[in-house]
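> Mind the numbering: the sequence shown is residues 432 to 710 in the numbering used here, read in order.
These aren't lab readings, by the way, just hints derived from the structure by calculation.
Glycine is no exception: its CB is placed at the ideal position from the N, C-alpha and C atoms.
Take every hint as true, because none was put in to throw you off.
List time: in silico BS3-like cross-link candidates among lysine-lysine, alpha-carbon distance up to 25 Å: (1) Lys-437 with Lys-489; (2) Lys-607 with Lys-571; (3) Lys-455 with Lys-488.
Quick list of simulated restraints, FRET-style, between CB atoms: (4) Gly-570 with Asn-494: 27 to 33 Å; (5) Leu-648 with Leu-562: 34 to 40 Å; (6) Glu-566 with Asp-695: 40 to 46 Å; (7) Arg-638 with Arg-446: 26 to 32 Å.
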Amino acid sequence: MQQSLKERIGVDIGRRAKLEDGLKWAAENEVFFIDIQLDSGANAMELFDDARCETVKKMCQANGIHLGLHTLSGVNMAEYSNFFRQAADEYLRAYVDMSVRLDAEWVVVHAGFHFTADYELRKKASLERLLRASEYAEGKGVHLLLENMNREPEDAEVNYLGHTLDECRFYFDNLKSPNLHWTFTINHATLVPEGINGFLDTFGIERMREVRVADNLGDKEHHMYPGDGSIDFRSVFTRIESMGYTGHYTNGFGTLDDMVSGRDYLVAEAKAAGVPSAQ
Numbered sequence: 432m433q434q435s436l437k438e439r440i441g442v443d444i445g446r447r448a449k450l451e452d453g454l455k456w457a458a459e460n461e462v463f464f465i466d467i468q469l470d471s472g473a474n475a476m477e478l479f480d481d482a483r484c485e486t487v488k489k490m491c492q493a494n495g496i497h498l499g500l501h502t503l504s505g506v507n508m509a510e511y512s513n514f515f516r517q518a519a520d521e522y523l524r525a526y527v528d529m530s531v532r533l534d535a536e537w538v539v540v541h542a543g544f545h546f547t548a549d550y551e552l553r554k555k556a557s558l559e560r561l562l563r564a565s566e567y568a569e570g571k572g573v574h575l576l577l578e579n580m581n582r583e584p585e586d587a588e589v590n591y592l593g594h595t596l597d598e599c600r601f602y603f604d605n606l607k608s609p610n611l612h613w614t615f616t617i618n619h620a621t622l623v624p625e626g627i628n629g630f631l632d633t634f635g636i637e638r639m640r641e642v643r644v645a646d647n648l649g650d651k652e653h654h655m656y657p658g659d660g661s662i663d664f665r666s667v668f669t670r671i672e673s674m675g676y677t678g679h680y681t682n683g684f685g686t687l688d689d690m691v692s693g694r695d696y697l698v699a700e701a702k703a704a705g706v707p708s709a710q
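Just need the whole structure built from these sequences, with the hints factored in.
Spelled out as structure tokens, the structure:
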């Protein structure tokens with residue numbers, strides 16, 4: 432039976448809660464898709480022994496929760512210096528291995544960032560790293576989701592790779608692995624001239640495995656509550672759902688409770704627009 436739109440809207444727990452607490456909260460609030468980061472605090476990956484991994488898997492199975500992992504965008508996947516480049520490779524492999532141990536269904540990854548003057552060198556390094564990570568993920572049966580990132584202010588020295596259409600096209604054209612997909616962050620897309628529809632026109636939904644949701648004003652990166660910014664969510668859901676997308680959405684703003692109430696707002700907007708999955 433196909434899930435309703437409400438059932439397909441999950442939340443990005445990130446660093447907001449210990450994983451087990453987040454799963455308990457998700458079950459209580461009938462949230463069926465969650466992202467978690469495993470870099471720090473109670474969720475640092477080195478704190479997951481086999482018993483804890485089994486607990487997480489059982490909680491997900493018992494409550495029908497789909498678990499995804501989300502790497503930290505502050506870890507630069509465009510490293511080329513000795514020691515750091517090896518560490519970046521090991522970081523991605525560790526997330527892939529944790530995905531296997533936790534039965535996670537996806538791992539969100541990023542293309543890294545550059546420092547303006549070393550743009551081409553960083554872009555080449557990040558592509559090569561993502562190629563290696565994709566090959567490793569294939570061998571483990573893990574699916575990677577490459578996120579389109581946000582534009583930084585015009586005078587910023589440090590900028591994310593993979594935030595423009597051309598940069599995203601560069602990565603998707605060169606990353607052919609069947610285990611490398613796209614997570615479409617719509618608030619990031621508002622920061623380039625082509626906007627949300629430009630990304631959808633260019634890439635469609637063939638490789639789309641997740642849509643990340645927050646509102647934005649279009650001036651710089653925000654993760655705002657839906658309706659507080661400039662995004663027309665009625666148009667967004669009409670467009671994406673009419674293209675045949677049946678995957679999940681992930682709210683990424685405010686508190687856990689904000690994301691649950693925001694889910695209700697999003698479903699109401701989609702319903703008002705006549706989106707069938709929201710009825």
